[in-house]
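A.B. asks: Dock chain V against chain Y, hints included.
Take a look at the letters that make up each chain.
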Amino acid sequence: MDQALGAADTPTVYFNVQRYDPEVDAKPRYDRFAVPYEPGMTVLQGLLWILDHVDGSLALRYSCREAACGSCAMLVNGWYRLACKTQVKDLRSKEITVQPLPHYPVIKDLVVDMSGFFAKYRAVQPYLVGGDGQRAVEPASGPGAPAPEEVAPGREFRQSPADRAAFEDATICILCGACTSSCPSFWTNPDYLGPAALLKGYRFAADTRDCLAERVPLLSGEDGIYRCHTIFNCTAACPKEIPITEALQSLKRMASRRLLGGGGGGGRQAAR
Amino acid sequence: MWAWLFHRISGLALVFYLFLHLMVLSSATAGPAAFDRAMEELHSPLFLALDLLLLLAVLYHGLNGIRVVLFDLGLGVRRQAALFWMVMVLTALVLLAAVAVTWPFLFGGGRAG
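So the protein lines, in turn, are chains Y and V. In terms of our numbering, the first sequence opens at residue 1 and continues consecutively. In terms of our numbering, the second sequence opens at residue 273 and continues consecutively.
If you are wondering where the hints come from, they were derived from the structure by calculation, not from laboratory data. Glycine included, every Cβ here is placed at the ideal spot set by N, Cα and C. Treat each hint with caution, since some may be false.
Not everything, but these chain V residues come out facing chain Y in the computed CB check (under 7 Å) [as the list claims (entries may be wrong)]:
1) Val340
2) Gly346
3) Val349
Only chain Y is shown next, with the shape it has when bound in the complex (with noise of 0.2 Å):
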């Protein structure tokens, strides 16, 4: 115990952190930190200083410190937020409750196992799909876009900053996790590829570079796109606020189009 640095006339903050050790615990309880508040704190340096000064066998992940990695994303005080990115002064409260995110399995204390959320991230393919002259057979539009004849393979592939912009948004996600695990479609089913994996699936589906007849299938089957009812949960829990939800619902238009065979092969120009 290093209390010593917080002089009297620090303010202090308490943090509430779940613990639990799965091969230990029965079950999780809180343990209780006087963490001393200096301004600028960030929730992840509260942890960080109880690691260094009170308690060495807390777990948690963070990377980068910048919102940037997506390692350090928890439940705090009840909400979605990224520890590194998460004012204590916003909280407005000295009690700062922190847990891990919900729905995944605890490995320690705010360290969650992920491999679950990653191999869905894998199953949607997040790289351009198509080879062997299949690839952006679908001619990119707006000022700059090559002309279809111009598109083969083995030839650059040029993509117009229009087409670009059109997904802008789905490129920021840091995957850290915070969607998928607000999400009740993937409460209630845990085999739901989930808003991050889909989020990424659009963001390829809506790259005029990839083949959306090769990516439709992959997220729209019985775990895919038509799994989201619009709750917008992950909308809301997104700590890079990417509009999700949007995102989602245009792949569900590409998607049904494709179903219905009334997109051809333009199903990405009008879903937008």
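C.D. replies: Same frame as chain Y, now just chain V:
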């Protein structure tokens, strides 16, 4: 999430009501006397109050259904919260009007129908 949760709950309530409705209706088919007795009961303040609850479920489920259909058409997805409150306000307004119409029969001793 509340919009979705209320939608599910009102949907289940409406399914439950459908079967209740069929049961009550079939109880009124046993003859003229049974019909009159059923009508008498259905005009009681208790059943009128239940009718208002039914109206609440129908209004919310229907209006929110339109909201969800709009999302499927790609309309108003970014304004979902405002649309939810519109659904709530419309539901409340129509329900209040229905309560105003029903009031004398609920508490005034008047006879409906």
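A.B. asks: So, for every hint listed, does it hold in this structure?
C.D. replies: Evaluated hints:
At about 6 Å, the closest approach between the beta carbon of valine 340(V) and any beta carbon in chain Y falls short of 7 Å, and the interface hint on this residue holds. At about 6 Å, the closest approach between the beta carbon of glycine 346(V) and any beta carbon in chain Y falls short of 7 Å, and the interface hint on this residue holds. Because the closest C-beta pair between valine 349(V) and chain Y is about 4 Å apart, less than 7 Å, the hint holds.
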